[in-house]
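Residue numbers (the UniProt record's numbering), protein chains in the order written: chain G, 1 to 296; chain D, 1 to 272; chain F, 1 to 454.
These aren't lab readings, by the way, just hints derived from the structure by calculation.
Just so you know, even glycine gets a beta-carbon here, dropped at the ideal spot from N, CA and C.
Any given hint could turn out to be false.
Using 25 Å as the maximum straight-line C-alpha spacing, the simulated DSS-like pairs for lysine-lysine come out as follows [claimed, not checked]: (1) F:K88 / F:K123; (2) F:K123 / F:K144; (3) F:K257 / F:K418; (4) G:K188 / D:K255; (5) D:K255 / F:K144; (6) F:K15 / F:K167; (7) F:K181 / F:K139; (8) F:K88 / D:K263; (9) F:K88 / F:K167; (10) F:K123 / F:K167; (11) F:K144 / D:K263; (12) F:K139 / F:K123.
Short derived list, chain F residues pointing at chain D, Cβ under 10 Å [claimed, not checked]: (13) V5; (14) N87; (15) F95; (16) Y98; (17) H103; (18) G113; (19) I148; (20) S149; (21) I432.
Computed list of chain G residues with no C-beta within reach of chain D, every gap over 10 Å [claimed, not checked]: (22) D32; (23) F57; (24) F67; (25) L79; (26) S125; (27) D154; (28) T164; (29) C202; (30) V211; (31) E234; (32) Q289; (33) Q291.
Listed here are the chains, written in short residue letters.
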Amino acid sequence: MRRALLISIPYLWLLVLFLIPFVIVFKISLSDAAIARPPYLPTLELSEGWASIKEFFAELDFENYTFLGEDPLYRLAYLSSLKIAVVSTVLTLLVGYPIAYGMARAAPEWRPTLLMLIILPFWTSFLIRVYAWKGILSTEGLLNQLLMGIGLVDAPLTILNTNTAVYIGIAYTYLPFMVLPIYSALEKMDDSLLEAAEDLGCSRLQAFWMVTMPLSRAGIFAGSFLVFIPALGEFVIPSLLGGSDTLMIGKVLYEEFFSNRDWPVASAVAVILLLILIVPIVLFQLNQQKQQEAGK
Amino acid sequence: MRRFSWFNATSLTLGFAFLYLPMIILVVYSFNSSRLVTVWAGFSTKWYGELLQNEDFLQAAWVTLKVAFFASTLATVLGTLAAYVLVRGGRFAGRTLFSGMIYAPLVMPEVITGLSLLLLFIGIGLDRGILTVILAHTTFAMCYVSVVVSSRLVSFDHSLEEAALDLGCSPFEAFRLVTLPIIAPAVISGWLLAFTLSLDDLVIASFTTGPGATTLPIKVFSAVRLGVSPEINALSTILIAIVTVGVITTSLISKRAAVRQAKEERAAERST
Amino acid sequence: MAQTVFAPWEDSQEKPLIEFVNVTKRFGDFTAIDNLSQKIYAREFFALLGPSGCGKTTMMRMLAGFETPSEGKILLAGQDIGAVPPNKRAVNMMFQSYALFPHLSVWDNIAFGLKREGMAKDKIAARVDEMLRLTRLEKFARRKPHQISGGQRQRVALARSLAKAPKLLLLDEPLGALDKKLRQETQFELMDIQESTGTTFVIVTHDQEEAMTVASRVAVMDHGRIVQVATPDVIYEAPNSVYVADFIGDVNLISGKASTRKAAPASQSKPAPQPAKPAEPTSPSPSDERRPQPNAMGEWLHDRVLEPVLGKRDPNTPAPIVEQVTAAEPQPVSAPPEIPAGGLAITWSPDHPPLIASNASETFGGADVVLALRPEKLNISTTKPDAPNVLRGKVIDIAYLGNISTYHVQLDNGTMVKAQIANTRRVSRRQITWEDEVWLSFTTTAGVVLEQGT
Numbered sequence: 001m002r003r004a005l006l007i008s009i010p011y012l013w014l015l016v017l018f019l020i021p022f023v024i025v026f027k028i029s030l031s032d033a034a035i036a037r038p039p040y041l042p043t044l045e046l047s048e049g050w051a052s053i054k055e056f057f058a059e060l061d062f063e064n065y066t067f068l069g070e071d072p073l074y075r076l077a078y079l080s081s082l083k084i085a086v087v088s089t090v091l092t093l094l095v096g097y098p099i100a101y102g103m104a105r106a107a108p109e110w111r112p113t114l115l116m117l118i119i120l121p122f123w124t125s126f127l128i129r130v131y132a133w134k135g136i137l138s139t140e141g142l143l144n145q146l147l148m149g150i151g152l153v154d155a156p157l158t159i160l161n162t163n164t165a166v167y168i169g170i171a172y173t174y175l176p177f178m179v180l181p182i183y184s185a186l187e188k189m190d191d192s193l194l195e196a197a198e199d200l201g202c203s204r205l206q207a208f209w210m211v212t213m214p215l216s217r218a219g220i221f222a223g224s225f226l227v228f229i230p231a232l233g234e235f236v237i238p239s240l241l242g243g244s245d246t247l248m249i250g251k252v253l254y255e256e257f258f259s260n261r262d263w264p265v266a267s268a269v270a271v272i273l274l275l276i277l278i279v280p281i282v283l284f285q286l287n288q289q290k291q292q293e294a295g296k
Numbered sequence: 001m002r003r004f005s006w007f008n009a010t011s012l013t014l015g016f017a018f019l020y021l022p023m024i025i026l027v028v029y030s031f032n033s034s035r036l037v038t039v040w041a042g043f044s045t046k047w048y049g050e051l052l053q054n055e056d057f058l059q060a061a062w063v064t065l066k067v068a069f070f071a072s073t074l075a076t077v078l079g080t081l082a083a084y085v086l087v088r089g090g091r092f093a094g095r096t097l098f099s100g101m102i103y104a105p106l107v108m109p110e111v112i113t114g115l116s117l118l119l120l121f122i123g124i125g126l127d128r129g130i131l132t133v134i135l136a137h138t139t140f141a142m143c144y145v146s147v148v149v150s151s152r153l154v155s156f157d158h159s160l161e162e163a164a165l166d167l168g169c170s171p172f173e174a175f176r177l178v179t180l181p182i183i184a185p186a187v188i189s190g191w192l193l194a195f196t197l198s199l200d201d202l203v204i205a206s207f208t209t210g211p212g213a214t215t216l217p218i219k220v221f222s223a224v225r226l227g228v229s230p231e232i233n234a235l236s237t238i239l240i241a242i243v244t245v246g247v248i249t250t251s252l253i254s255k256r257a258a259v260r261q262a263k264e265e266r267a268a269e270r271s272t
Numbered sequence: 001m002a003q004t005v006f007a008p009w010e011d012s013q014e015k016p017l018i019e020f021v022n023v024t025k026r027f028g029d030f031t032a033i034d035n036l037s038q039k040i041y042a043r044e045f046f047a048l049l050g051p052s053g054c055g056k057t058t059m060m061r062m063l064a065g066f067e068t069p070s071e072g073k074i075l076l077a078g079q080d081i082g083a084v085p086p087n088k089r090a091v092n093m094m095f096q097s098y099a100l101f102p103h104l105s106v107w108d109n110i111a112f113g114l115k116r117e118g119m120a121k122d123k124i125a126a127r128v129d130e131m132l133r134l135t136r137l138e139k140f141a142r143r144k145p146h147q148i149s150g151g152q153r154q155r156v157a158l159a160r161s162l163a164k165a166p167k168l169l170l171l172d173e174p175l176g177a178l179d180k181k182l183r184q185e186t187q188f189e190l191m192d193i194q195e196s197t198g199t200t201f202v203i204v205t206h207d208q209e210e211a212m213t214v215a216s217r218v219a220v221m222d223h224g225r226i227v228q229v230a231t232p233d234v235i236y237e238a239p240n241s242v243y244v245a246d247f248i249g250d251v252n253l254i255s256g257k258a259s260t261r262k263a264a265p266a267s268q269s270k271p272a273p274q275p276a277k278p279a280e281p282t283s284p285s286p287s288d289e290r291r292p293q294p295n296a297m298g299e300w301l302h303d304r305v306l307e308p309v310l311g312k313r314d315p316n317t318p319a320p321i322v323e324q325v326t327a328a329e330p331q332p333v334s335a336p337p338e339i340p341a342g343g344l345a346i347t348w349s350p351d352h353p354p355l356i357a358s359n360a361s362e363t364f365g366g367a368d369v370v371l372a373l374r375p376e377k378l379n380i381s382t383t384k385p386d387a388p389n390v391l392r393g394k395v396i397d398i399a400y401l402g403n404i405s406t407y408h409v410q411l412d413n414g415t416m417v418k419a420q421i422a423n424t425r426r427v428s429r430r431q432i433t434w435e436d437e438v439w440l441s442f443t444t445t446a447g448v449v450l451e452q453g454t
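Pulled out of the complex, with its shape left as it was, chain G reads as follows (with noise of 0.2 Å):
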């Protein structure tokens, strides 16, 4: 009895708070556009008996999925959306590797504070550490006087506001994702290998390429995917840093719910999302469970 009351207060917490919010967006994906308060139709009159239930049923459809998939615009977000975590998180993998792999190469008494300089800006604002950015890329920013001041560039360049921006931006921010799994895949890992490796005739390289890096690669899977998935929805990076060309999904789903204010073409927006977001995560667990095994 006692138990069945601990279980159901975190339980309903979330039904309501979380599942049911998803049923509504889910229902409100398939109503019309309205101007009206709530601005959608149709509306759940259960006062009114059966019939009006009914009816509120037979209204509802999926003509905004319809309207998305016709028009470019949202086709271009998601893909465009989808290109930007791509690239960012080849980005944020290409500058973590290296980190993670010294980080694990270091002395052991040297790695607990390593460890603790990368989880550090974890802790400080991501609004503030994204804001950085827009100081140093910009036209008469920091990045620009030191290029031109040592001769590499003559006229500025335009980074802010666009999408190298923004892969600068999520691979900043996100760094701490990808280094964390990659360091304890990386650090797990036995050093007599590769001096068997190099033992065996390896070259270092090819002891690199032929043994730390198949060893790494359940971590290089985590991080990657800590990095796509939450970069695909993201809207912040985007709107301080990218520009207005820079289509991304959160970006146009938040315009689309306090710009244009239609209701059901946002959430048909963010069911699209979900189910995008659908494929990477199951892939993320589906690596996670295999780690766990193994580490049986």
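Position chains D and F relative to chain G; hints supplied.
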């Protein structure tokens, strides 16, 4: 050590430079006397003064702290409970759904969580304001707390609880006298995580907030959308300083405790 | 046997402290305990022994109250305790991991259960001090569990579980985490404490040496059933099945076909072989020549050991050893005349003469049997000895263990047999070495004949 070559040293140096330079620049320029953030014009603390004069920011900071405190406390209670149910609850109807609902918010894009909660609050006719933000933050933060606490509970020797029962505790007493003191560090870090997440959140708060409940991130976001401002640099510096001091202190404390425990354990083994 | 020997299980008037009545426990499809009945008496030191997954832990957890039987009853002093939660039972448990509360001092760990009872403060202090003295932990009262050694932690766990003076103390692999030397010392400490407190102990272990050392009775378990319950010496010397013989100690198992031995005249030319153990009944007397009788050992075995499993033996009708058996089975090799008649001849290999076991029940006549021979009951020599059972072979391996040596001998038909000899001489003077041709010999009562497949 043999493998710690110049390559590793370079990659670590560059990597940490990439991580920390932007923040250092932010901090340095918060002391710039010029409003033009890209031109250094001398040391000044005037932006801190202006920030402290700015009623709007102070108001928003106060709202944020209130939200973060209540949301993280509630989230810690619910998240600990959820973790306990998940790890110790055994089988019950809908367990899979429950664990799914615990893990889903961790990977859910914030825009979707925010949108869905907003639609719920409108649907049930709840006026948006500080309460709705607290509810929203509690919901996603409890999932983080529950992940932190359940990872501690999993590694926790179940026989400790059984021993408490065996020695005459009711299940509730066993939780209060044995489980809770042992998982306390995880519960505290869960609370800190929840507090930080709530302080930091922009997207969910902007969906679920209402008039009079503007949080600091919302304020900052609307200010920086247009460009860089030295007041925001000053604010960022303050926040970075608080976090840095906090994280370093806690890690030093826990490191010292771990070192002492290891020393005592070695001494105990030698004494026999 | 002397009257002072503690053996309440032999007294039908004695009331058991614990009684399992047809207890079955299932976890989903898996049956952990299979229709098990067993009595445990007050002041006993009862060991549950078996490999992992045999159900011994489940049995103990049911006693502690962490599991409830799916079927059947568990009685504690006559009361059904099936529905009593663990915190309301007069049963305490010492956990395998010790489960010491890491945030409490040794003193507070021991006082934990007493405080839950709402005992007066000064009484708690007195009881805790008594426990600290009993386990010699006075010096460590203020320490936290991580500040004491493994052996001390083990004693804290014992003190804590004894503090409430339970009727029954359960010990889950109590010495498993200690190293070998400490484990042996602690075994005796445990026995002393059990005796001085008069508490009933039920211990779960997979370590047969530990069970044999500490326990008054050992229950060998397999697949949710108790295969044999007996005192350690009976378990070792008279296992009731191949499983028990194989599980306890080292054993050579020789499978063959048994046939009853014809009574031979003039069998007194040689004295009957000395029984391996004085407690064991001697082989049948020559006066029983005419009609083969179940021998005393077999009867004894049946009454003491097999009865709970196989049911009561009918004392009037001797076991059905019919002439038919000997008639149908052509006696492959006639027994050497100098060996007294009775018992069984076991035909097991065309390369070797049948083995003779005079202590076996003739009910096995015609059956497929296993002769279980402890290595230390075998003699090894370089010349053919004058013994009833002789096997020729070659030494393949010698394991020198200090006090004893184990010889791995390959018999003519390829079977490997182990023989153990006490090293009373120094190694350099030992006469048997690798590749030597040797004879293994043993008496007609050295082995135990067991039914195949048990």
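Violated constraints from the hint list, given by number and in increasing order: Numbers 8, 13, 21, 26 and 31 - these are the hints that the structure violates, sorted from lowest upward.
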